[in-house]
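The residues making up each chain are set out below.
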Amino acid sequence: MASMKLRVNRQEFAGALTAVTGVVATRTPKPVLQCVLLDAQPDSMIACCTDLEVGMRCGVGQVDVASPGVALVNAETLSRIVRESEDETLDIELKGNTLHVRGEGSHFQIVASDPEEFPVVAPFDEDADVTLPSSDLQQLVEWTVYACAKESTRYAINGVLTELKGGTLTLVATDGRRLAKADYHADGEKTARAIVPVKPLTLFTRLSGAEDEPAHVRWTGNQFMLRSRNAMIVSTLVEGNFPNYAEVIPQDGDKTAEIETAALLSGLRRAALLTNEESRGVRFAFEKNTLTLSSRAPEQGEAMIALPARYTAAPITMGFNPVFMIDALKAVRSDRVTFQMKDPQKPGLLKTDERFLYVVMPVNL
Amino acid sequence: MPAVGYGLWTSLLDCVRETAPGVTRSWFSQLSPGDINGGILRIYARQPEHLAYLTRHARPAFVDAARRVTGRLMTLEFELVRNAPDLTLQTGTADPLGSSDEGDCFQPPVLTPDYTFEALSVGPHNRLAHAAAVAVAEGKGAYNPLYVYGAPGMGKTHLLQAICWRVRQKCPERTVLYVSADRFSTGFLWSSDRSRQDEFRRRFRGLDLLVLDDLHRLADRERSQEEFFHVLNEMRGRGGVVVVSSDVPSSNLKGFAERLTSRLGSGLVAPLDAPCYEARLAILVRAVTLKYVDAPREVQEFVAARVAGSPRDLIEALLRVDALAHSTGAAVSLSIARQALGDAPRTSVGLATILDVIRRRFGLRAEDVIGPRRPRSLAGPRQIGMYLARHMTRHSLQEIGAFFGGRDHTTVIHGVRTVAGQIEGSEEFRTLIDELRLAILAGPPCESADMTVEKEASPTAYKVAAGG
Numbered sequence: 001m002a003s004m005k006l007r008v009n010r011q012e013f014a015g016a017l018t019a020v021t022g023v024v025a026t027r028t029p030k031p032v033l034q035c036v037l038l039d040a041q042p043d044s045m046i047a048c049c050t051d052l053e054v055g056m057r058c059g060v061g062q063v064d065v066a067s068p069g070v071a072l073v074n075a076e077t078l079s080r081i082v083r084e085s086e087d088e089t090l091d092i093e094l095k096g097n098t099l100h101v102r103g104e105g106s107h108f109q110i111v112a113s114d115p116e117e118f119p120v121v122a123p124f125d126e127d128a129d130v131t132l133p134s135s136d137l138q139q140l141v142e143w144t145v146y147a148c149a150k151e152s153t154r155y156a157i158n159g160v161l162t163e164l165k166g167g168t169l170t171l172v173a174t175d176g177r178r179l180a181k182a183d184y185h186a187d188g189e190k191t192a193r194a195i196v197p198v199k200p201l202t203l204f205t206r207l208s209g210a211e212d213e214p215a216h217v218r219w220t221g222n223q224f225m226l227r228s229r230n231a232m233i234v235s236t237l238v239e240g241n242f243p244n245y246a247e248v249i250p251q252d253g254d255k256t257a258e259i260e261t262a263a264l265l266s267g268l269r270r271a272a273l274l275t276n277e278e279s280r281g282v283r284f285a286f287e288k289n290t291l292t293l294s295s296r297a298p299e300q301g302e303a304m305i306a307l308p309a310r311y312t313a314a315p316i317t318m319g320f321n322p323v324f325m326i327d328a329l330k331a332v333r334s335d336r337v338t339f340q341m342k343d344p345q346k347p348g349l350l351k352t353d354e355r356f357l358y359v360v361m362p363v364n365l
Numbered sequence: 001m002p003a004v005g006y007g008l009w010t011s012l013l014d015c016v017r018e019t020a021p022g023v024t025r026s027w028f029s030q031l032s033p034g035d036i037n038g039g040i041l042r043i044y045a046r047q048p049e050h051l052a053y054l055t056r057h058a059r060p061a062f063v064d065a066a067r068r069v070t071g072r073l074m075t076l077e078f079e080l081v082r083n084a085p086d087l088t089l090q091t092g093t094a095d096p097l098g099s100s101d102e103g104d105c106f107q108p109p110v111l112t113p114d115y116t117f118e119a120l121s122v123g124p125h126n127r128l129a130h131a132a133a134v135a136v137a138e139g140k141g142a143y144n145p146l147y148v149y150g151a152p153g154m155g156k157t158h159l160l161q162a163i164c165w166r167v168r169q170k171c172p173e174r175t176v177l178y179v180s181a182d183r184f185s186t187g188f189l190w191s192s193d194r195s196r197q198d199e200f201r202r203r204f205r206g207l208d209l210l211v212l213d214d215l216h217r218l219a220d221r222e223r224s225q226e227e228f229f230h231v232l233n234e235m236r237g238r239g240g241v242v243v244v245s246s247d248v249p250s251s252n253l254k255g256f257a258e259r260l261t262s263r264l265g266s267g268l269v270a271p272l273d274a275p276c277y278e279a280r281l282a283i284l285v286r287a288v289t290l291k292y293v294d295a296p297r298e299v300q301e302f303v304a305a306r307v308a309g310s311p312r313d314l315i316e317a318l319l320r321v322d323a324l325a326h327s328t329g330a331a332v333s334l335s336i337a338r339q340a341l342g343d344a345p346r347t348s349v350g351l352a353t354i355l356d357v358i359r360r361r362f363g364l365r366a367e368d369v370i371g372p373r374r375p376r377s378l379a380g381p382r383q384i385g386m387y388l389a390r391h392m393t394r395h396s397l398q399e400i401g402a403f404f405g406g407r408d409h410t411t412v413i414h415g416v417r418t419v420a421g422q423i424e425g426s427e428e429f430r431t432l433i434d435e436l437r438l439a440i441l442a443g444p445p446c447e448s449a450d451m452t453v454e455k456e457a458s459p460t461a462y463k464v465a466a467g468g
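Line order of the protein sequences matches chains A and B.
Taking our numbering, the leading residue of the first sequence gets 1, the next gets one more, and so forth.
Taking our numbering, the leading residue of the second sequence gets 1, the next gets one more, and so forth.
Since the hints were derived computationally from the structure, they do not count as laboratory data.
Each residue gets a CB set at the ideal place from its N, CA and C atoms; glycine is no exception.
Treat each hint with caution, since some may be false.
In silico contact screen, one side only, chain A against chain B (beta carbon under 8 Å); selected entries [unchecked claim]:
1) Q62
2) R154
3) G176
4) P347
Here chain A stands alone, though its shape is the one from the complex (with noise of 0.2 Å):
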């Protein structure tokens, strides 16, 4: 008979909760999907969900094993018992089939499934390809992730690249019609190169508390893993080919205009009010020193916004979706942002003095 038995602090024990159903497919043909695995050993316990490609391993801590052993029970409801508890601290208790969470003056009692039913989440004990801050890996998660197709389409894969090489981690997302790339110079001298999903990237993200601590990236002939002090998450790669983004940057930009980050997002903000799915653009009028931006809704009216920028080369008007810019302004932290362009014809490209850029395709007006 299936046993275990153990005091956990509830709000470490919540907070591990949060993190793993994270990966929890809301709509999922086989319910064993949607439960958590409780893995508690003598000194620790893991609470552990899956969705077959995304696995999470998270350490609860501040936990006193009475019982070792293994429960399997749904994760939605156990992570809100837990949440709604007021208790300091919670008794966890499996009898036979049955999970009963005991607070003060509470008792709950869960159905509990047959953990062998649970796919196992391969744990990442190896050595990490490349070892960066936390901050810094959920920072290049940042600048990237928006801009990755929601779905794949013929023109963009719903994915990440991840790319290792010559110590420089760098992360490239793109939609087909934008393209952002991220990068962090690491030491050492592996090669890897992938392509992720987004939910691993941003299940990371969500990890709160770890920002200084080491995040651990690892690649396997078809796995993504990373790992923190506490969590570990595995992915299955996205097939597919990705296309050649050093070829999608354009090098040939000839016109460099230099703006406040905050007037521009200001600025497009405010433009994009009188944009709809017939005008979709904002139009960028640069000339000496400054940047219009001016838009229009057909049988709305019409906006127009002029902004300093340190600008010398020839008057060049161009067309923008301004959701695809305000993207980018949010994820950039430098001040000011430098945009060089080619041609109205041509995709834009926008820099910082970070370690990010973003090429844009530019749309008729």
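Model the placement of chain B on the given structure of chain A, informed by the hints.
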């Protein structure tokens, strides 16, 4: 994975031709599009030398064009496919994205705004074609079909599009369609692969005026020719007018069914010749008035005298002068023009001209010069041909090798070196090469002269000339 739609592919090719005329080759029409998968467009070439050329020289132009026509950050891959079926579209599953994402297959192509009658300079070289085109555009002519022919750059497309613009202006109620032969052919195959022939036929046969550009590209495309023949017949029966352009007279069309060529020749066949000096000057004057470029009269006269080519060559030369002036920051002047164009007259030399001159000089048959046999009497002239092609044209080694009988580029290198060595070693040989050069620059003589030369030439001519 979805194949690239007809509309997208033809606009992509048109875009390459328009934005990068320098790298464009006539065989681009033989390329076939594959699928677009994950932002990568696959393009299939049939010849290894085409593949090499595309990869080395044409890639940026294609990437740029793919981006322009799709509005996406695309990249592409060239691949070799042998014995590909002669269709520029892949058959296969119906593409759910197809019609909305890539534009309708029947969408009319965009006309170039500059190609109007007003922007066309009329002279002895194009008077007949121009008059007939105006008559057709204004619904007055009895020329049906009107067949316009001329070498590349002579203004066929300009004239044809001018007809369309005039019809749009003066008789907007007439339905007119301008279409390239490539587009016609791919559209026909596209629709028959999807069982939409009826739609295709309705589209073409219901027209008042059909303007078909570059008819010669339908060569050996039997199904498309047959469809075009039916379109021609049906339109004539209903009083519709057909205008076609080609690079040769209808009687010289190769790879066409006889009934089609004779039907095409039954209307008016009008040539577009190379302009004479006065006409060249008039073309340049018009280009300057239309503000393509600003150049003083003396520069116009200089360019007209130096560039004995097509209207396109003239405009290109003028733009080259302008570009040089622009890059040096000086105004367009006679000295800038001399610098840009050199003092010698510029003519463009084709591989066919070289082959023609070589075979006539040595009294050989063209199929022997480019054939597989390698006796000295053939290999020598062939090497000379390669040498001249290397030095007088912009074609790559692969292209030259392919032209001279599908030979490897290393063979071309060897040939060029051998000939260069012979030139070093023998004054007589150098004179021979110089003569050939002059003959090539003079261009192919007319057909009657061709006959007499061939009779006079002896098969031993090469031995004698090469001093061995």
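Against the structure, the hints:
1. Q62: A/Q62 check fails; min Cβ-Cβ to chain B is 46 Å, beyond 8 Å.
2. R154: holds, 4 Å
3. G176: holds, 4 Å
4. P347: holds, 6 Å
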